[in-house]
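Chemist: Residue numbers (the UniProt record's numbering), protein chains in the order written: chain A, 1 to 98; chain B, 1 to 501.
The hints are simulated quantities; they were obtained by calculation from the structure and are not laboratory data. Keep in mind that this is a model prediction, so the values were computed, not measured. One or more hints might be untrue.
Under the rule of at most 27 angstroms between Cα atoms (straight-line distance), these lysine-lysine pairs were calculated in the DSSO-like manner [to be verified]:
id, chain 1, residue 1, chain 2, residue 2
1, B, 469, B, 95
2, A, 41, B, 364
3, B, 422, B, 95
4, A, 41, B, 86
5, B, 422, B, 364
6, B, 95, B, 328
Label pairs and their calculated CB-CB ranges [stated by the list, open to error]:
id, chain 1, residue 1, chain 2, residue 2, range
7, A, 15, B, 148, 40 to 50 angstroms
8, B, 237, A, 48, 46 to 56 angstroms
9, B, 305, A, 90, 47 to 57 angstroms
10, A, 30, B, 237, 14 to 24 angstroms
Looking from chain B toward chain A, a few residues come up when the C-beta cut is under 10 angstroms (computed) [to be verified]:
id, residue
11, 87
12, 102
13, 197
14, 210
15, 306
16, 333
17, 348
Glycine included, every Cβ here is placed at the ideal spot set by N, Cα and C.
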Amino acid sequence: MSTISRDEVARVAALARIDLRPEEVDRLAGELDVIVESIAKVNEVATPDVPATSHPLPLTNVFREDVPEPALPVADVLASAPAAEDGRFAVPQILGEE
Amino acid sequence: MTDVTRLSAAELAEALRKRELSSVDATRAHLDRIAAVEESVHAFLHVSGDDALATAQDVDARRAAGEEVHPLAGVPIAVKDVIVTKGMPSTAGSKILEGWIPPYDATLVERIRAAGLPILGKTNMDEFAMGSSTEHSAYGNTHNPWDLDRIPGGSGGGSAAAVAAYEAPLAIGTDTGGSIRQPGAVTGTVGVKPTYGSVSRYGLIALASSLDQAGPVTRTVLDSALLHELIGGHDPRDSTSIADPLPNLVESARRGATGDLSGVRVGVVTELQGEGYQPGVLARFQESLALLEKAGAELVEVSCPHFPYALAAYYLILPAEASSNLAKFDGMRFGLRVEPEDGPVTAERVMAATRGAGFGDEVKRRIILGTYALSAGYYDAYYGSAQKVRTLIQRDFAGAFAQADVLVSPTAPTTAFKLGEKLDDPLAMYLNDVATIPANLAGVPGMSVPNGLSDDGLPVGFQILAPAKADDRLYRVGAALEGALQAQWGGPLLAQAPELV
Numbered sequence: 001m002s003t004i005s006r007d008e009v010a011r012v013a014a015l016a017r018i019d020l021r022p023e024e025v026d027r028l029a030g031e032l033d034v035i036v037e038s039i040a041k042v043n044e045v046a047t048p049d050v051p052a053t054s055h056p057l058p059l060t061n062v063f064r065e066d067v068p069e070p071a072l073p074v075a076d077v078l079a080s081a082p083a084a085e086d087g088r089f090a091v092p093q094i095l096g097e098e
Numbered sequence: 001m002t003d004v005t006r007l008s009a010a011e012l013a014e015a016l017r018k019r020e021l022s023s024v025d026a027t028r029a030h031l032d033r034i035a036a037v038e039e040s041v042h043a044f045l046h047v048s049g050d051d052a053l054a055t056a057q058d059v060d061a062r063r064a065a066g067e068e069v070h071p072l073a074g075v076p077i078a079v080k081d082v083i084v085t086k087g088m089p090s091t092a093g094s095k096i097l098e099g100w101i102p103p104y105d106a107t108l109v110e111r112i113r114a115a116g117l118p119i120l121g122k123t124n125m126d127e128f129a130m131g132s133s134t135e136h137s138a139y140g141n142t143h144n145p146w147d148l149d150r151i152p153g154g155s156g157g158g159s160a161a162a163v164a165a166y167e168a169p170l171a172i173g174t175d176t177g178g179s180i181r182q183p184g185a186v187t188g189t190v191g192v193k194p195t196y197g198s199v200s201r202y203g204l205i206a207l208a209s210s211l212d213q214a215g216p217v218t219r220t221v222l223d224s225a226l227l228h229e230l231i232g233g234h235d236p237r238d239s240t241s242i243a244d245p246l247p248n249l250v251e252s253a254r255r256g257a258t259g260d261l262s263g264v265r266v267g268v269v270t271e272l273q274g275e276g277y278q279p280g281v282l283a284r285f286q287e288s289l290a291l292l293e294k295a296g297a298e299l300v301e302v303s304c305p306h307f308p309y310a311l312a313a314y315y316l317i318l319p320a321e322a323s324s325n326l327a328k329f330d331g332m333r334f335g336l337r338v339e340p341e342d343g344p345v346t347a348e349r350v351m352a353a354t355r356g357a358g359f360g361d362e363v364k365r366r367i368i369l370g371t372y373a374l375s376a377g378y379y380d381a382y383y384g385s386a387q388k389v390r391t392l393i394q395r396d397f398a399g400a401f402a403q404a405d406v407l408v409s410p411t412a413p414t415t416a417f418k419l420g421e422k423l424d425d426p427l428a429m430y431l432n433d434v435a436t437i438p439a440n441l442a443g444v445p446g447m448s449v450p451n452g453l454s455d456d457g458l459p460v461g462f463q464i465l466a467p468a469k470a471d472d473r474l475y476r477v478g479a480a481l482e483g484a485l486q487a488q489w490g491g492p493l494l495a496q497a498p499e500l501v
């Protein structure tokens, strides 16, 4: 039923922020086609009268006491960061040159 | 003295309590065993020998001083690498987290440390728990101790293999669609997925938040009960954690071990047998049913007509949730950072390069599938429909549990397959979880108990499911079946496994 093209895989990979090599795009297009065709069978029984469930247990808002607690030591958190400077995460420039 | 690595956790705990054995000796025996068999099994990604021995020493000193300690104090344990451990690597089987040292402990790890269980190390797994064979680990295969050419199940193949190979008496697993129970089945060990919300998810690297649940991996039903009681219970740091106290699991296991199941209604699920299940798996299942009946249980046939749709719903819900949960691996705050080969080095391009280089094939496949299922124009047809199927599955369970106290099925349709056999066929791999997935969609607890060998000489598992918050029923029925089977075998099933050294 569905057909997932190379372009579609490339578009979704861009949305998911994953660089794919051309051969990965080719392979995924074929694999996802088979998988999506198989899982589309949910539509056989998902009729309009059935409500959707997002969670296994009925949940309402959960609150706890607003008690101040010590945060994680900054040095421990930054120790495993890819880059850090002045007690902060160092990240690449956010905006590209347009 | 007998080889302490062959003792169950309960036996080990008893020997420690009586001070016939020190925790240092018990821990050292397991570290020696790890050193002897890891080359062939590769269950561990990280072995923390010094840390474990320091804990053991501390427990021994406290016991010697007459201090009251936890009953499992000094019993070594292995932890699946998807669970964060302060000061100890936690990769979730992924290159993207290689070298990351978490600055905090998961709640269940805090409880393990507070109780004084030496942590032997972190166990191998499919990357981010995506898989049924542990072959999707970025750090190599784990081998099934029953046959080193075969898979140990997944995603928690490392924890199951470690316990089966006597490298640890206890291990922690996580089960999103069967990742505790299916490895249990194919390695001849016990695995329990508790009721959703009964063991804290704080500090579990999330795969699918509405499905994930940590639980015990052990060689006996009683050991699972002991560990489940230690790690379970309410945690204010997990908003989905159940506030009610746990039922008495150890007592239920001991009660089951008496062998009397009078008054227990056991529902045999029509849809979880037949086509696709190996003849040897079905034969062992029928024999186990007969044993339960002999113990006084009443067998009833129950139908769950929407279970055949569970796998499809799962492979929409899981990738959808995973695509969101794994967005945090972006190369900014922890783990790998890779710069694009050419062009400007902007944050978004670094994210894409990092994720392209750091994620393995199955992770990419599922993130892209999930992103697709959630994207504009497809949401209602895929994710929306899958959520409706989830309702239908929950209704099936409600109907079935009106007729039976527990439901049973084979845990997995086949015994362990050969390494590499299904690696190029994602759909065939997904079919391993056909019997375990419904429990995750409904949040109900499940257990796998080893119930014999198939015609190929490999272990088979028997799955028991109970209503939410009635985990105690698993332990009663599981212990009764275990006792009846071991009486037939003249000992545990694992005694029939080949020696590794």
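Chemist: Close enough to count: is the Cβ of residue 306(B) nearer than 10 angstroms to one in chain A?
Modeler: 6 angstroms, holds
Chemist: Could you check if residue 197(B) really has its C-beta closer than 10 angstroms to a C-beta on chain A?
Modeler: 6 angstroms, holds
Chemist: Straight-line Cα separation of residue 41(A) and residue 364(B) no greater than 27 angstroms?
Modeler: 23 angstroms, holds
Chemist: Regarding the hint that residue 333(B) lies at the interface with chain A, is the smallest CB-CB distance below 10 angstroms?
Modeler: Result: holds, 5 angstroms to nearest chain A Cβ.
Chemist: Interface hint check: residue 102(B), Cβ to nearest Cβ on chain A, cutoff 10 angstroms. Holds or violated?
Modeler: 8 angstroms, holds
Chemist: Taking only the CA atoms, is the gap from residue 422(B) to residue 364(B) under or equal to 27 angstroms?
Modeler: Distance ~18 angstroms between residue 422(B) and residue 364(B) Cα, so the pair holds.
Chemist: What's the verdict on residue 95(B) and residue 328(B), does the C-alpha distance respect the 27 angstroms limit or exceed it?
Modeler: 15 angstroms, holds
Chemist: Take the C-alpha atoms of residue 422(B) and residue 95(B), compute the straight-line distance between them, and say whether it is at most 27 angstroms.
Modeler: 22 angstroms, holds
Chemist: Range hint 40 to 50 angstroms: satisfied by the CB atoms of residue 15(A) and residue 148(B)?
Modeler: Given range 40 to 50 angstroms: holds, Cβ gap about 41 angstroms.
Chemist: Taking the CB of residue 237(B) and the CB of residue 48(A), does the distance hold inside 46 to 56 angstroms?
Modeler: 39 angstroms, violated
Chemist: Holds or violated: residue 469(B) with residue 95(B), Cα cutoff 27 angstroms?
Modeler: 37 angstroms, violated
Chemist: Going straight from one Cα to the other, do residue 41(A) and residue 86(B) come out at no more than 27 angstroms?
Modeler: This hinted pair is violated, its Cα atoms lying about 43 angstroms apart.
The structure fails to meet hints 1, 4, 8 and 10 from the earlier list, while all remaining hints are met.
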